[in-house]
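Whenever a hint applies, use it, and build me the whole structure from the sequences.
Protein chains in written order, with the working numbering: chain P, 1 to 545; chain F, 546 to 897; chain E, 898 to 1166.
These aren't lab readings, by the way, just hints derived from the structure by calculation. Any given hint might turn out to be false.
Unchecked claim - When the alpha-carbon atoms are kept at most 27 angstroms apart in a straight line, the in silico DSSO-like pairs for lysine-lysine are as follows:
1. E:LYS1162 - P:LYS41
2. E:LYS1004 - E:LYS950
3. F:LYS746 - F:LYS804
4. P:LYS242 - P:LYS36
5. F:LYS689 - P:LYS367
6. P:LYS449 - F:LYS573
7. F:LYS804 - E:LYS1004
8. F:LYS689 - P:LYS144
9. P:LYS242 - P:LYS436
10. E:LYS1031 - E:LYS1004
11. P:LYS505 - P:LYS144
12. P:LYS536 - P:LYS367
13. F:LYS687 - P:LYS242
14. P:LYS144 - P:LYS515
15. P:LYS36 - F:LYS687
16. P:LYS367 - P:LYS511
17. E:LYS1162 - F:LYS597
18. F:LYS687 - P:LYS144
19. E:LYS1003 - E:LYS1080
20. P:LYS529 - F:LYS573
21. P:LYS436 - P:LYS518
22. E:LYS951 - E:LYS1004
23. P:LYS518 - P:LYS507
24. P:LYS367 - F:LYS687
25. E:LYS1003 - E:LYS951
26. P:LYS515 - P:LYS505
27. P:LYS518 - P:LYS144
28. P:LYS511 - P:LYS144
29. P:LYS536 - F:LYS573
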Amino acid sequence: MSTTTTSESRSRGKAPAGERVADWADGRLGIYSLAKANMRKIFPDHWSFMLGEVCLYTFLIIIITGVYLTLFFHPSMNEVTYHGSYVPLQGQLMSEAFNSTMHISFDVRGGLLIRQIHHWAALIFLAGMFVHMMRVFFTGAFRKPREVNWLFGFLLFVLGMFTGFTGYSLPDDLLSGTGVRFMEGAVLSVPVVGTYLSFFLFGGEFPGGDFVARFYSVHILLLPGIMLGLVVAHLILVFYHKHTQFAGPGKTNNNVVGMPLLPVYMAKAGGFFFLVFGVVAVISAIATINPIWSIGPYRADQVSTGAQPDWYMGFSEGLIRVMPGWEVNFAGHTLVLGVFIPLIIFPLVLVAIAVYPFIESWVTGDKREHHILDRPRNAPTRTAFGVAWITWYMVLLIGGGNDLWATHFHLSINAITWFVRIAFFVAPVLAFVITKRICLGLQRRDRDKVLHGRETGIIKRLPHGEFIEVHEPLSQEQLHTLTAHDQYEPAQIGPAVDENGVTRKIKASEKLRAKLSKAYYNEDSQIPKPTVEEYKEITSGHGHH
Amino acid sequence: MSSQDNPEENLPAEQEHAPGAVTVADEKNPFADPGLPPHEHRVQDIDEQAAKRSERTVALLFTVSMLATVGFIASYVTIGIDTSVYVWPIGHISALNFALGTCLGIALFCIGAGAVHWARTLMSDEEIADERHPIEATPEVKAKVMADFKQGAKESALGRRKLIRNTMFGALALFPLSGVILLRDLGPLPGTKLRHTIWSKGKLLVNMNTNEPLRPSDIQVGSLTFVKPEGLEEHDHDFQTEIAKAATMIVRIQPDNIKDKQELEWSYQGIVAYSKICTHVGCPISLYEQQTHHVLCPCHQSTFDLSDGGRVIFGPAGHALPQLRIGVNDEGYLEALGDFEEPVGPAFWERG
Amino acid sequence: MKKLSARRRHPLAAVVVLFIALAACAGLYTAFAPADKAQADESAQSLAIEEGKKLYAVGCASCHGTGGQGTSDGPSLVGVGAAAVDFQVGTGRMPAQQPGAQVPRKKVIYSQAEIDQLAAYIASFGAGPSIPTKEEYSPEGADIAKGGELFRTNCAQCHNFTGKGGALSKGKYAPTLEGVSPKHIYEAMQTGPQNMPSFPDTTLTEKNKKDIIAYLDAVNSDDTVEPGGLSLGGLGPVSEGLFAWVFGLGGLIAVAVWVAARTAKAKKS
Chain P
1 MSTTTTSESR SRGKAPAGER VADWADGRLG IYSLAKANMR KIFPDHWSFM LGEVCLYTFL
61 IIIITGVYLT LFFHPSMNEV TYHGSYVPLQ GQLMSEAFNS TMHISFDVRG GLLIRQIHHW
121 AALIFLAGMF VHMMRVFFTG AFRKPREVNW LFGFLLFVLG MFTGFTGYSL PDDLLSGTGV
181 RFMEGAVLSV PVVGTYLSFF LFGGEFPGGD FVARFYSVHI LLLPGIMLGL VVAHLILVFY
241 HKHTQFAGPG KTNNNVVGMP LLPVYMAKAG GFFFLVFGVV AVISAIATIN PIWSIGPYRA
301 DQVSTGAQPD WYMGFSEGLI RVMPGWEVNF AGHTLVLGVF IPLIIFPLVL VAIAVYPFIE
361 SWVTGDKREH HILDRPRNAP TRTAFGVAWI TWYMVLLIGG GNDLWATHFH LSINAITWFV
421 RIAFFVAPVL AFVITKRICL GLQRRDRDKV LHGRETGIIK RLPHGEFIEV HEPLSQEQLH
481 TLTAHDQYEP AQIGPAVDEN GVTRKIKASE KLRAKLSKAY YNEDSQIPKP TVEEYKEITS
541 GHGHH
Chain F
546 MSSQDNPEEN LPAEQEHAPG AVTVADEKNP FADPGLPPHE HRVQDIDEQA AKRSERTVAL
606 LFTVSMLATV GFIASYVTIG IDTSVYVWPI GHISALNFAL GTCLGIALFC IGAGAVHWAR
666 TLMSDEEIAD ERHPIEATPE VKAKVMADFK QGAKESALGR RKLIRNTMFG ALALFPLSGV
726 ILLRDLGPLP GTKLRHTIWS KGKLLVNMNT NEPLRPSDIQ VGSLTFVKPE GLEEHDHDFQ
786 TEIAKAATMI VRIQPDNIKD KQELEWSYQG IVAYSKICTH VGCPISLYEQ QTHHVLCPCH
846 QSTFDLSDGG RVIFGPAGHA LPQLRIGVND EGYLEALGDF EEPVGPAFWE RG
Chain E
898 MKKLSARRRH PLAAVVVLFI ALAACAGLYT AFAPADKAQA DESAQSLAIE EGKKLYAVGC
958 ASCHGTGGQG TSDGPSLVGV GAAAVDFQVG TGRMPAQQPG AQVPRKKVIY SQAEIDQLAA
1018 YIASFGAGPS IPTKEEYSPE GADIAKGGEL FRTNCAQCHN FTGKGGALSK GKYAPTLEGV
1078 SPKHIYEAMQ TGPQNMPSFP DTTLTEKNKK DIIAYLDAVN SDDTVEPGGL SLGGLGPVSE
1138 GLFAWVFGLG GLIAVAVWVA ARTAKAKKS
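What follows is the structure in structure tokens.
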């Protein structure tokens, strides 16, 4: 693999300058071997494969703008009086953190823009990760060999949430301060050690004078450091595994079809970075985010209605809002279930989606590598589970914004809260059942399409007066694409008696697995895809529909 | 293609035909993979005019980007930071932020758009298939690794010299404790700090708005007033920490409408003082509805009835709002008759 | 028509049909939705009686009783004062149209002169706060920053940081303060309409009220500068999150579709 042949400077018979630099680097870093494997690496083209890039690029934007913000931000809770250029806060007492954020927003040229880019990019980063994760989930891209990368991605999402939380708490404004106060209450609810944890976290009683500085080092150093490492590992694995692809002509489990890294993907992916940055910059030019000047500095005795966290924490807000106020007092102690239960469910909501791939691989017992993506309809149980999970998440988001739902749709907060309490249990089940039916319907349609061809919308009148719709047979490409998916059969429990006549004990886990496998792959859970025989039988007798 | 179940192992069998094998459609298998479709040319591949047009478009995009960067610098230099401008339909906004953001956005977007247009129209769009290789190592490699490992393990004698192994694990397990112990000074121990506020007997109720003590006649039925204990000033260095517990609201309810006996006793002629800190997770609760005497928390919608001992009537709070016992001193000002009798704010393990 | 039917199997056909259906629903809704018109007003307006008592007898007495003593449908008006009348009628809340969690702000149906007559009549039931003078509520010369602090202490918990409104229990709500005149804001603080508590001069001085009005004038008027751009309703993270999803991620996905799409092929000749 030659590097770019620079035609100029072929002086004194030596190799071109670029090549000499490359030779130098190869002698020390071995770049030619690296480039051999990767320079013409193939990436398949699909818009949904770029969601991960959205995340990567917004993450880079956040790091770049974040470094700029640290040049001006003072992570201190010392009290100062405001004398900046924003009139409605003149002479107000505030922490230095708030004051310096005001300074960035009003007195540093371009500071507001960078602040807004940083925050908008963060919201889009988390949203991008969410959708990216769902893309991977619904297409089954998490299957072997990519389970580890699924976990890396999941960790990035969770760490991203907490990096976001510590970040928006830094300006010490009234809204984020309310969020931090909530966090104090949540920590206090932990049995036995809650008060100690809270005092250690805040350096004493809430709010104290320490948490901004502590959150600062967590926000700019600890969490992003871990995330950067995970992002690198995530990318290395993407390169190593090579990208998945959808089924189609010429696309098999043993190849990857697409465009080479150099030059097409270099240009497309590199260009996409600038496109993402450009879009975020324009959004930051036209839309305000976190206007701390309107919100005001934090005071422990003040509050505003509509106190919500950023969207990615919204589901935890929903949990805490709709939980009944249970509190158990015994032997001089209090068990604050009303806060502690949501605190426990909060990670469980996330873990539910994170462990699913492992459950599925256990149920199927499939140890093969999978590089061809599933269409969501062809994995009805998985798709239904995913939609149920999203529904669950959305119900909690509704709960987290119940006051805004109430004012904007003229509803009662109490009614919404009750709705969420019930929907928390009911909605995922409904979503599961409905999604599964839809998937089966779509499978049936695919089957019809394969066997009878595409409905053309052309109505033909036959000589004897009958009207029929003309069906157009599918091309071989389409036939292949629609029948390329695997269909499992339910796993059976092995014989209870082995060949030597010894009865073995059937483990409960084995029974459970057989049961689950049956639920996944019995005839109610998938429509058998058309067989060659069926196809031939129908196509041989033309005209019958 | 469908996988058969293997009852012994419960594993689906390998696919029927060798994966990846490209089969030509025939009578036997009409669903066979026809292989990559032949490459079709784009306009740009066959028409040099069109290719030239694409080239000019890309160059134009890159030029626009350059101009936008110049615009960015010009805006930075010329537009004042406090200049506002009306932009339809956004409204009155900072001219500098809008100009910088738009220029930066255009500059970046056009670089990206140029590169992508270049890639899409002028670079080869022929799809290439690349072979995949199993991630798993071959059995020979695995055998070699296992042998190496065994050799290494044997040479270390870790399995044989149990004493070394056990003490090493012990040392490794213990040393992180140093790190944990270092965290001890992150904060003081809680002690009973959460149980007390700075309210005490004789402290006047000072109006947060005027910083003046209040007389009973100042408080009308249906009004809402926030008070702090006498002596706590906004610029005190522990103001935040103290007000986080001591913030109090006072309302006046017709004594006949007060349902709770103790509440009436602790009030002064229907003037009742309640902690402003929600017993759920500590938001300053104060959405007082004067007709129903309900007070709602804006954070999580816990609702308390101030005419009934601050009882929880809705939402996630677990216990009633603490009431502050008040009276009137010799000079006719409202004063506290003691601290809150129970801890204010969110519940915790030691609360009891 | 033939063209149309040939395309009804197009992948985007369902989307198009959905949009047409939605547009049709919206059209039908606007055509048939109950017009936002006060029913009780015409009779009252056409009468145009000069005297408050007569106005009262027509517009108010059915709920508040002939002598303002109150009935099961409306509270007593004894001692509410002229300021309360000016607020309730001047913002169109009274006369109320229908029972509900809360009486909403509506089109004002009385002229200011009529409102003044009504106020004078109701004030005669018993003493109460009088209508503030322009000097009292005019925001000029007030301390905006102090007003902001007072607003965050006393008002923001229900009305939001910059007065965009918020929810209360059981369908009640704190209305937005956008476009509410300084006089009515002053009167609301003084009288505590409906479920809003009052903030009498004894606890929130005249000066304090002026400061609050000045703050609102600075942060919640048509001329307020929002340095960062669109304020997205001033509702905080919920609308920001929605915006980030729809326009941020939505826009980026649209871009991604373009980046990944196949370039148009030359037509086969």
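Results for each hint:
{"no.": "1", "hint": "E:LYS1162 - P:LYS41", "result": "holds, 24 angstroms"}
{"no.": "2", "hint": "E:LYS1004 - E:LYS950", "result": "holds, 22 angstroms"}
{"no.": "3", "hint": "F:LYS746 - F:LYS804", "result": "holds, 26 angstroms"}
{"no.": "4", "hint": "P:LYS242 - P:LYS36", "result": "holds, 15 angstroms"}
{"no.": "5", "hint": "F:LYS689 - P:LYS367", "result": "holds, 23 angstroms"}
{"no.": "6", "hint": "P:LYS449 - F:LYS573", "result": "holds, 20 angstroms"}
{"no.": "7", "hint": "F:LYS804 - E:LYS1004", "result": "violated, 39 angstroms"}
{"no.": "8", "hint": "F:LYS689 - P:LYS144", "result": "holds, 24 angstroms"}
{"no.": "9", "hint": "P:LYS242 - P:LYS436", "result": "violated, 31 angstroms"}
{"no.": "10", "hint": "E:LYS1031 - E:LYS1004", "result": "holds, 23 angstroms"}
{"no.": "11", "hint": "P:LYS505 - P:LYS144", "result": "violated, 30 angstroms"}
{"no.": "12", "hint": "P:LYS536 - P:LYS367", "result": "violated, 33 angstroms"}
{"no.": "13", "hint": "F:LYS687 - P:LYS242", "result": "holds, 22 angstroms"}
{"no.": "14", "hint": "P:LYS144 - P:LYS515", "result": "holds, 23 angstroms"}
{"no.": "15", "hint": "P:LYS36 - F:LYS687", "result": "holds, 25 angstroms"}
{"no.": "16", "hint": "P:LYS367 - P:LYS511", "result": "holds, 20 angstroms"}
{"no.": "17", "hint": "E:LYS1162 - F:LYS597", "result": "holds, 17 angstroms"}
{"no.": "18", "hint": "F:LYS687 - P:LYS144", "result": "holds, 19 angstroms"}
{"no.": "19", "hint": "E:LYS1003 - E:LYS1080", "result": "holds, 17 angstroms"}
{"no.": "20", "hint": "P:LYS529 - F:LYS573", "result": "holds, 17 angstroms"}
{"no.": "21", "hint": "P:LYS436 - P:LYS518", "result": "holds, 15 angstroms"}
{"no.": "22", "hint": "E:LYS951 - E:LYS1004", "result": "holds, 21 angstroms"}
{"no.": "23", "hint": "P:LYS518 - P:LYS507", "result": "holds, 17 angstroms"}
{"no.": "24", "hint": "P:LYS367 - F:LYS687", "result": "holds, 18 angstroms"}
{"no.": "25", "hint": "E:LYS1003 - E:LYS951", "result": "holds, 22 angstroms"}
{"no.": "26", "hint": "P:LYS515 - P:LYS505", "result": "holds, 17 angstroms"}
{"no.": "27", "hint": "P:LYS518 - P:LYS144", "result": "holds, 22 angstroms"}
{"no.": "28", "hint": "P:LYS511 - P:LYS144", "result": "holds, 24 angstroms"}
{"no.": "29", "hint": "P:LYS536 - F:LYS573", "result": "holds, 9 angstroms"}
In the structure shown, a violation is registered for the earlier hints numbered 7, 9, 11 and 12, in ascending order.
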